[in-house]
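Enquirer: Residues per chain are reported as follows:
2 protein chains.
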Amino acid sequence: MAYKKIPGGVTIPRGFKASCCAAGIKYKGRTDMAMIYSDLPCAVAGTFTTNKVKAAPVLWDMDVVYKEKTAQAVVVNAGIANAATGKTGLNICGQTAEFTANALNIPASQVLLGSTGVIGPNLPLDRITAGVTAMASTLSDSQRAGTDASKAIMTTDTVNKEFAVDFDLPAANGGTVKARMGGMSKGSGMIHPNMCTMLGYVTTDCAIDQALLQKAVSAVVADTFNMISVDGDTSTNDTLLVLANGMAGNQPITEEDESYKTFCEALFSICHDLAVKMAGDGEGATHLLEMRVYNADTKENAKIFAKSVIGSSLVKAMVFGRDANCGRILCALGYAGPDFDPAKIEVYLHGEKDTLCFYKDGSILSFDENLALSILSEPAVRFSCNMNMGAAEATAWGCDLTYDYVKINGDYRT
Amino acid sequence: MAYKKIPGGVTIPRGFKASCCAAGIKYKGRTDMAMIYSDLPCAVAGTFTTNKVKAAPVLWDMDVVYKEKTAQAVVVNAGIANAATGKTGLNICGQTAEFTANALNIPASQVLLGSTGVIGPNLPLDRITAGVTAMASTLSDSQRAGTDASKAIMTTDTVNKEFAVDFDLPAANGGTVKARMGGMSKGSGMIHPNMCTMLGYVTTDCAIDQALLQKAVSAVVADTFNMISVDGDTSTNDTLLVLANGMAGNQPITEEDESYKTFCEALFSICHDLAVKMAGDGEGATHLLEMRVYNADTKENAKIFAKSVIGSSLVKAMVFGRDANCGRILCALGYAGPDFDPAKIEVYLHGEKDTLCFYKDGSILSFDENLALSILSEPAVRFSCNMNMGAAEATAWGCDLTYDYVKINGDYRT
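Going line by line, the protein sequences match chains A and B. Its first residue numbered 1, the first sequence is counted upward by one per residue in the working numbering. Its first residue numbered 1, the second sequence is counted upward by one per residue in the working numbering.
Hints may contain errors.
A pair holds if it fits inside one copy or across any two, identical chains being indistinguishable in the list.
[Said to hold, decoys possible] Computed cross-link-like contacts, SDA-like style, restricted to lysine to any residue with a CA-CA straight-line distance of at most 20 Å:
hint, residue 1, residue 2
1, K261, P170
2, K87, E346
3, K67, N91
4, K407, G174
5, K360, N295
6, K353, N295
7, K52, N386
8, K407, T286
It is worth saying that the hints were derived from the structure and are not from the lab.
Let's have the full structure, built from the sequences with the hints guiding it.
Expert: In structure tokens, the structure reads:
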């Protein structure tokens with residue numbers, strides 16, 4: 001490991017500040033807006049929802065990332081998604097960016113926006129701008145400011161999600177420097193592979209070419225955020241943005257060398273941590289669910305198998321009920337799509353200490369039900385499948401399906 | 001309508017008998033095996049699960065349908081699926097067919113088998129054969145015998161599912177005859193498009209060429225059983241079989257003429273009724289959910305959109321909670337896959353009496369919340385979407401996601 005985990009989130013890299021406020025958009029008695037600001041303009045890269053119905057802030061950010069390729073501030077609100085809001089929603093984005101630009105004395109084209117919450121209603125522009133004013137005057141580079149920002153963007157999340165690392169890179173003027181990277185994300189429902197499936201913001205003081213940054217982000221997202229599912233619903237608002245301001249003083253990363261590799265490992269560690277945290281904090285979840293598929297013929301197929309198991313309502317309900325009805329894993333592998341020989345695969349259930357093989361040679365094996373119950377009672381339930389076809393592998397993460405998921409989503413708006 | 005609904009199920013057509021028994025395979029105090037028998041050999045057609053992990057009776061039936069193309073008896077059990085049972089499971093199929101063949105004095109290759117229940121355990125052959133003996137001696141052509149058979153194959157179903165029609169066809173020797181068709185099915189969980197997704201048996205006394213029968217079955221299944229979803233899980237055991245014994249005395253259907261059209265309409269009516277009943281009887285369901293997509297560019301895309309909405313956990317939970325959080329319909333259309341312009345579509349909620357447009361011109365409209373609540377309180381909740389792209393349409397059926405679904409599936413084996 002070329003990186004080291006350190007406490008904190010988006011304010012850990014040099015030159016990044018954050019703030020938050022209670023703008024009163026939907027929730028009472030809690031913060032619901034966050035701002036991230038960099039002292040210097042940043043190279044920016046991002047991935048966005050593949051949903052054809054894209055929320056207004058997603059359309060706005062795609063313009064910034066694909067055309068400007070640089071940014072200096074991010075403004076996020078929770079409570080209302082600003083999705084399915086037509087031209088009104090886009091106008092609100094434009095006005096919010098203009099207002100933020102004036103408050104921070106930067107161009108509006110350098111402002112990124114994010115929204116999460118109910119689809120349909122319009123954002124109250126007066127409260128948004130009042131929030132921006134409050135946040136612009138309270139920006140701080142403290143670790144606490146980053147943590148508070150990560151809390152302000154939560155909706156049905158039960159825990160805030162942040163992660164930070166540092167890593168050594170060759171300095172611009174000889175020797176080495178310690179570059180830093182921090183991230184925060186939110187996501188609990190409407191979480192399903194097909195782009196980042198949540199709001200996620202990563203900051204770094206590393207100097208890196210924008211095209212390489214985008215390449216790193218796309219590669220890492222494919223194995224992290226795109227491998228989680230809570231409920232199979234790909235949101236209209238999914239956004240992951242990575243901002244790099246270059247203030248670490250490293251020799252700028254301009255090719256796919258060792259430094260780029262180190263950068264990718266650090267980015268992977270953050271995205272992996274945030275993704276698994278989101279899966280485990282799925283709406284109503286009581287267990288993290290992990291499915292690893294190995295010795296598959298291709299990585300693409302390994303991903304399809306792993307995601308199929310993670311997405312199965314029957315597997316998810318069985319994990320909630322701690323019922324080792326393991327035929328459902330087989331069933332989910334079988335309808336995933338890619339071909340395989342059911343007689344040749346092996347399927348396992350892994351606990352902290354014990355591993356139990358429950359399917360081999362085409363048959364469900366008899367197994368120790370007490371051991372299975374004990375493993376299924378652990379907070380993280382891990383399955384694996386040896387496809388015995390090749391050397392590719394993939395892992396997907398999800399959560400169980402619980403009464404509380406139904407409760408939360410049967411009555412989300414109230 | 002060239003057909004008329006009549007009471008009853010699989011014993012309604014001439015020459016078909018049924019019986020059932022309590023074989024004690026899993027449940028106590030209820031029947032769990034059913035038999036259908038035709039006095040004459042039948043042309044048989046079928047569709048089967050696309051799951052790569054196919055249960056032993058599915059493999060057995062595929063052999064009968066694709067190679068023999070005729071059959072005379074069906075033996076079904078509930079409680080154990082005989083899936084993921086390897087060679088042992090196939091051997092049990094062979095022995096069950098042999099035993100049934102001896103009891104009925106027909107070739108073993110004319111016996112179809114079906115199983116539904118838990119994946120993994122082996123069927124108790126002694127109880128199965130005792131059941132076959134009991135059923136072979138109690139076959140009856142009464143309407144009641146068909147109804148009892150439809151009850152014996154239930155698992156978590158809460159209501160039995162049968163439907164019958166008659167229809168006029170040209171008689172073999174001039175004039176017209178009234179042909180009959182009856183069906184029964186079971187299915188409540190592990191129900192998702194991709195073949196018939198359940199056990200279904202349709203009998204008819206119509207004389208029809210086997211190749212045409214298969215063509216009719218495949219066409220009808222695509223618009224009925226393949227358009228329902230309870231939980232997105234395609235079972236290992238899905239089987240639909242249609243048996244035609246020719247005893248109506250109609251001029252045999254050997255080409256795609258008017259008689260074939262009439263036959264297809266009758267078959268559609270039965271498959272449609274059974275499919276919608278299964279969707280409405282989804283595990284734990286309190287509402288039938290219907291999504292009609294019209295003016296789509298292609299039928300294939302209309303199906304994909306309709307199925308995406310029906311399959312969305314968030315839409316299903318919202319219907320359970322009677323919460324008109326209609327942005328979730330938009331979201332599910334958006335991630336379905338096919339392209340469309342969100343600014344051009346219209347989405348509606350239909351009650352028995354009222355229709356409410358809640359999305360148009362790219363925005364969620366404000367609507368009467370009390371009216372929406374009243375419509376969402378009806379037993380069947382119907383949505384529709386005008387794509388404004390072409391002339392194709394499709395309808396899919398599902399059910400809401402409830403606490404009871406989680407309860408039933410968190411603790412299925414006990």
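Enquirer: All hints, please: hold or fail.
Expert: Hints, verified against the model:
{"no.": "1", "hint": "K261 <-> P170", "result": "within (13 Å within a copy, 76 Å between copies)"}
{"no.": "2", "hint": "K87 <-> E346", "result": "between (53 Å within a copy, 16 Å between copies)"}
{"no.": "3", "hint": "K67 <-> N91", "result": "within (19 Å within a copy, 65 Å between copies)"}
{"no.": "4", "hint": "K407 <-> G174", "result": "neither (58 Å within a copy, 63 Å between copies)"}
{"no.": "5", "hint": "K360 <-> N295", "result": "within (15 Å within a copy, 49 Å between copies)"}
{"no.": "6", "hint": "K353 <-> N295", "result": "neither (23 Å within a copy, 57 Å between copies)"}
{"no.": "7", "hint": "K52 <-> N386", "result": "between (36 Å within a copy, 16 Å between copies)"}
{"no.": "8", "hint": "K407 <-> T286", "result": "both (14 Å within a copy, 14 Å between copies)"}
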